[in-house]
Amino acid sequence: MHEITKEFRFEAAHTLQRQIAAEASRRIHGHSYRATVTLRGAPDASGMLMDFGRLGQHLAAIREALDHRFLDEVEGLGPATLENLARFIWTRLAPSCPGLARVAVFRDSEGESCAYSE
1 MHEITKEFRF EAAHTLQRQI AAEASRRIHG HSYRATVTLR GAPDASGMLM
51 DFGRLGQHLA AIREALDHRF LDEVEGLGPA TLENLARFIW TRLAPSCPGL
101 ARVAVFRDSE GESCAYSE
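The sequence shown lines up with residues 1 to 118 when you count with full-length UniProt numbering.
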């Protein structure tokens, strides 16, 4: 088995209802995010699991839906937690990315991340 991984970055704003640091989280604020997408499987006759160019096209569509957006308004996302972002990206990619194995979303400035897989 092989695994390939490609990453993309996006900037976005949101609000969040929470118990800790509640006041700051309720105000509109933004983060820089980094996401990685990993596919797992056997290469096809071309010798590739998936052409990185094709994978990049799929990721560009996801980035377009998230980059410089107010995440509270992104349909299907729910509260803009790392958990929901990882699941959102997975759900959008799964139909076009056979072998999707893992989606991880990072807020590097905070040292935080969340990974999603099925």
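These are computed hints drawn from the structure, not numbers from a lab.
Treat the hints with care, as some may be off.
Cβ pair distances, simulated, as ranges [unchecked claim]: (1) E112 / T5: 15 to 21 Å; (2) G41 / Q17: 35 to 41 Å; (3) F52 / R27: 19 to 25 Å; (4) C114 / E3: 15 to 21 Å; (5) D67 / P98: 21 to 27 Å; (6) A45 / L16: 45 to 51 Å; (7) F52 / P79: 28 to 34 Å; (8) L16 / R54: 30 to 36 Å; (9) S113 / F52: 21 to 27 Å; (10) R26 / S96: 33 to 39 Å.
Note that the Cβ used here is the ideal one computed from N, Cα and C, for glycine as well.
Are E112 and T5 spaced within 15 to 21 Å by their CB atoms? 19 Å, holds
Status of the given 21 to 27 Å range, CB of P98 versus CB of D67: Holds: the Cβ-Cβ distance is about 25 Å, inside 21 to 27 Å.
With respect to the beta-carbon atoms only, verify the hint that G41 and Q17 lie 35 to 41 Å apart. Holds - the Cβ-Cβ distance for G41 and Q17, about 39 Å, lies within 35 to 41 Å.
Does the hinted range 15 to 21 Å hold for C114 and E3 at CB? Since C114 and E3 have Cβ atoms about 19 Å apart, the given range 15 to 21 Å holds.
Verdict for F52, R27 (Cβ pair) under range 19 to 25 Å: Distance hint for F52, R27 is violated at roughly 39 Å.
Hint check for F52 and S113 - Cβ pair distance inside 21 to 27 Å: 22 Å, holds
Do A45 and L16 keep their Cβ atoms within the hinted range of 45 to 51 Å? 47 Å, holds
Could you see if the CB distance from R26 to S96 stays within 33 to 39 Å? 36 Å, holds
P79 and F52 - C-beta distance against the hinted 28 to 34 Å: Given range 28 to 34 Å: holds, Cβ gap about 32 Å.
Can you let me know if the beta-carbon spacing of L16 and R54 is within 30 to 36 Å? Once the Cβ atoms are compared, 34 Å apart, the range 30 to 36 Å for R54 and L16 holds.
Consistency note: the structure conflicts with earlier hint 3 alone.
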